[in-house]
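Top to bottom, those sequences are chains A and B.
Under UniProt numbering, residues 1 to 402 are what the first sequence spells out, in order.
Under UniProt numbering, residues 1 to 381 are what the second sequence spells out, in order.
These aren't lab readings, by the way, just hints derived from the structure by calculation.
Any given hint could be a false lead.
Claimed, not checked - 16 Å max Cα-Cα, derived EDC-like pairs, lysine to aspartate or glutamate:
hint : chain 1 : residue 1 : chain 2 : residue 2
1    : B       : K301      : A       : D140
2    : A       : K79       : B       : D147
3    : B       : K47       : A       : D140
4    : B       : K301      : A       : E98
5    : A       : K79       : B       : D182
6    : A       : K79       : B       : D181
7    : A       : K200      : B       : D182
8    : B       : K37       : A       : D154
9    : B       : K223      : A       : D183
10   : B       : K91       : A       : D154
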Amino acid sequence: MKNESLKLLLPLIAVGLCCGADWPQFRGPLTNNVATSDAPPSKVDQESIAWTADLEGRGASGPIIVGDKVFITSTTGFKQDQLHVMCFDVKTGKRLWERQFWATGRTQCHSKMCVATPTPASDGKRIFATFSSNDVVCLDLDGNLLWIRGLSHDFPNASNSLGMASSPVVVGETLIVPVENDDDSFTTGLDVKTGIARWKIKRPRVANWTSPAILKAAGDGETLVLLQSNDGVDAIYPETGETAWKYEEGAGRIPSTTVGDNVLYVPSKGLTALAPGSSSEPPKVLWSEQKLSPSTASPLFYQKRVYTVNRAGVLTCANPENGDVVWRLRLKGPFSATPIAAANHLYLVSEKGLLQVVQLGEEKGELTGEIDLKETILATPAIADNSLFLRSDKHLWKISSK
Amino acid sequence: MKRSRFLLCLMFLFSSLTTLQAYDVKQDIAQIKLVQKEGQGNLAASKAVKQLSQADASALIPILNSFEGANPLAVNWLRGAFETIAANAIKQNKLPVDQLEKFILDKSKNPRARRLAYETLIKVDPKAEDRLIPGMINDPSVTLRRDAVQRLIDEAKSLEKASKKDQAKKVYQQALSGATDDDQVKAIVKPLRTLGQKIDLQKHFGFLSDWMIVGPFDNSDKKGYDTVYAPEEKIDLTSKFEGKEGKVEWKSVNTEDDYGIFDIAKSISPYKGAVMYCTADFYSPEEQSLEIRLGTPNAWKIWVNGKLLFARNEYHRGMVLDQYSVPVTFKPGKNVILLKLCQNEQTESWAQRYQFQLRIARPSGTGVLSQKPESTTQLSP
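Turn these sequences into a full structure, and let the hints guide you.
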């Protein structure tokens, strides 16, 4: 019965996963950092800035794009307890609307973090904005409030004194919100229409800043959501929160698992490539390679290659079949934002605000352009409208071809 | 005759519509205020907020009034509707600015509602800031007061720069009377002390500085967090206990730190895998709802008059002022606070802190002192 029901839901799930050229959540449509149909500029300079919009407060959350609108979050106030959701016009950068709410959970964060660190998500009709205070706000695309939840208000020990950073993902009718911390640690699946929990599962009691990844079904298989923690990776059914299979060899708590060609690249023992498991079979470890250990930025799989950026700012390109290094390129780091890819290029923005574009080749990567935005940027950029969208605390930029 | 009948019908219709809208607004607000934890009431509230958001500007003041008695979740729902209506009213140039200003100036109204009204008003009337904020220095709204304090800090700095030290001192003193946010307090206290003013920051913030403490008890493998040691069962300051390292007994300790930090590791011993119990009394002249505000990098439990208020099993993720705010209702007279503080066995340099700071404050952040006149805190005889 369950499988039958899920088969009926597959078209809906497909709709949830494929929002055309939108960038509807952290790390893009498939949470793999890749834009499939957009081509941002391959050579960039200061003249590539199509528009700049002013922002208030603080935010390390990335922009998301749905249709002709860009959505972004930030927080203001001495205690950073005023939560903002803002909407801008993709073409002009004009602010279309802004809504504010008050945090109902704790807002304490490490000085490098901030309350608006999780990137919002969208199912194409609704915007789901989450914050370190574990407040979850659901608005329609015009800024009308649909529902709001206060997960730390409901579960007061669900918090982290360094701040919560995990971004939610939406699959079909379920918004998956990780609230993983040292005390009351859980992940919950909220009904997108009401905000009421469809399920809530206990998670390892240790602070965790990773974000879920989507393992899209091959053929008629079921789409799974990957929850990474100190213990490893749990693949869960988004409708029920039930576990499909587990990888139990431990994993990092900052960079997140990414998926490419039905292989998981897990920040574990450096980097571990994993073939998905099933309810009867555990996942199979294909290889592990310490040299590919990612720092804060998540790994990237693109055009049959896997990429990581280390603490020193070195971009490493590796063979996804065995983890062997193919080429390395020293960039100007450090990086908090995850690299993103489109049209045979990687786009990396350093913490100091230097956007670097790398053209990919078989034997080497080549830096083809850079723009110094001169502001601290921790957020992963977005790609849509053949452009890049980046944000600092102060500004949102659109970078396009001239 | 026919014409007057027509007009009468029209008036009746208009009056009915107005009544209907007023009724709907009231009903929608009431529905939204039923929202509870874990999404209870969300379905009905979603419908209500959608309907309410379409109301005209006449719904703005009723929504602000409804903040009173609404839980923090409902307040956010109400704010969502308010902002949508206000945005439309601004576009149509129909924002009821006079009513908003009257609402802001009425200190009996909900502080958050007043702040929201203020932020909405200054979108169309930026000059309202100069008109309203200077009178907010002792306002019940934390954020309106903060803005008023900031104006005084800026004024005092200018006076200081102009070498008008006595005037600067007076303005800084006035600013301190309203300051509760630590960044502002620091910005005031440093120049005031330079100008020769003595300031008791412990008193300003309401820190408890005198404690009785006993321990260590065993917290190897973090097992002490859930172990009920004798002080949890009964506080008898004359008792002796079998501790982790032999017999232990209550001893009096205090701190002179500006921010009430009592450092167990430095002042007593850098215990590892340890539980310490700390107790202090707080005298209240009447029953009052306040907050215990605690900062600690260690795991903790807290009881007031024998009742467990909150517990947090987290180690070494930082310590800041007001890290945790725990609501508490104090009874008239003596109230006994018991804090259980657990240190783990981690060996990293950043995991060696064993300390806490605890103050009593109003929800607005203003420190509240124990009312026994001899000192800020008095221990039981």
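Hints, one by one, checked against the model:
1. B:K301 with A:D140: violated, 42 Å
2. A:K79 with B:D147: The given pair, whose Cα atoms are some 14 Å apart, holds under the 16 Å limit.
3. B:K47 with A:D140: holds, 13 Å
4. B:K301 with A:E98: violated, 40 Å
5. A:K79 with B:D182: holds, 10 Å
6. A:K79 with B:D181: It holds: about 9 Å lies between the C-alpha atoms, which stays within 16 Å.
7. A:K200 with B:D182: Not satisfied, since the Cα-Cα distance of roughly 38 Å exceeds 16 Å.
8. B:K37 with A:D154: holds, 5 Å
9. B:K223 with A:D183: holds, 15 Å
10. B:K91 with A:D154: Violated, at about 37 Å.
Hints 1, 4, 7 and 10 from the earlier list are contradicted by this structure; the remaining hints agree with it.
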